[in-house]
Amino acid sequence: DFYNKAKWKVLIAWLWLWVIWNAVANKSEVTEVVIIEKSRDVIKLVWPYMHEKVKVIHSDIFKYNTSEIFDYWWFDIWLSISTNNLKAFEKLRKQFGSNIKDIWFWAENECLWMVEQIEKMRLMAEAGGVKIPKRLLKI
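Take 452 as the starting number for the sequence shown in the numbering used here and just add one per residue.
For the record, the hints were derived by calculation from the structure and aren't laboratory data.
Errors might be hidden in some of the hints.
[Claimed, not checked] Simulated crosslink set (DSSO-like; lysine-lysine; CA at most 27 Å straight-line): (1) LYS538 <-> LYS489; (2) LYS538 <-> LYS552; (3) LYS506 <-> LYS545; (4) LYS552 <-> LYS542; (5) LYS489 <-> LYS460; (6) LYS489 <-> LYS552; (7) LYS552 <-> LYS506; (8) LYS504 <-> LYS460; (9) LYS460 <-> LYS514; (10) LYS478 <-> LYS489; (11) LYS538 <-> LYS478; (12) LYS538 <-> LYS514.
These numbers come from a predicted model, not from an experiment.
Can you make the complete structure from the sequences, with help from the hints?
Okay, structure coming up:
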C-alpha cells in the first residue's frame with residue numbers, strides 16, 4: 452500500500468529500509484525521497500547505494516523540524532509492535548500535522564487491534580468476576 456501511494460515528494464523515517472526507499476525513488480512519479488536517520492553509522496553503511504532522488508538528513512525524527520510539505524510520510528522506527536507505539540504515532544501526527552498530505556506508520560493497525568483485544572479481555576474478565584492485574588491491561 453505504501454509503495455502504491457508514494458508520489459511526488461516522500462519523507463521516510465528510517466534509512467535501514469533500503470529496499471523500500473530505493474523502490475520508491477525508482478518510481479517515475481516520485482520527485483524526491485527525504486530520509487531522516489539518527490545513526491551516522493547507518494548513513495555511512497548505506498551511503499554508497501544512494502539513489503540520485505534520495506536526500507538523507509542526520510536527525511532524530513522526534514527532534515526534526517521542517518516547514519516543507521511532503522506528499523507522503525512513512526514512519527518505521529519501532530523495533531516491535533506494541534500499544535506503546537500509539538503514543539509516538541500521536542506525537543508525530545501533532546509534530547508534523549500541517550506538513551502531511553498522507554501518513555503511514557508501520558504496524559499501526561496491529562497496535563490498534565491489540566488495544567481492542569486488551570479491552571475485550573478486560574470486559575470478559577469483569578463479566579466473569581475475574582480481576583486482571585492492571586499491569587496486564589496497560590495501554
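These are the hints, each one checked on the structure:
| no. | hint | in the structure |
| --- | --- | --- |
| 1 | LYS538 <-> LYS489 | holds, 20 Å |
| 2 | LYS538 <-> LYS552 | holds, 21 Å |
| 3 | LYS506 <-> LYS545 | holds, 24 Å |
| 4 | LYS552 <-> LYS542 | holds, 17 Å |
| 5 | LYS489 <-> LYS460 | holds, 21 Å |
| 6 | LYS489 <-> LYS552 | holds, 24 Å |
| 7 | LYS552 <-> LYS506 | holds, 20 Å |
| 8 | LYS504 <-> LYS460 | holds, 10 Å |
| 9 | LYS460 <-> LYS514 | holds, 21 Å |
| 10 | LYS478 <-> LYS489 | holds, 26 Å |
| 11 | LYS538 <-> LYS478 | violated, 32 Å |
| 12 | LYS538 <-> LYS514 | holds, 16 Å |
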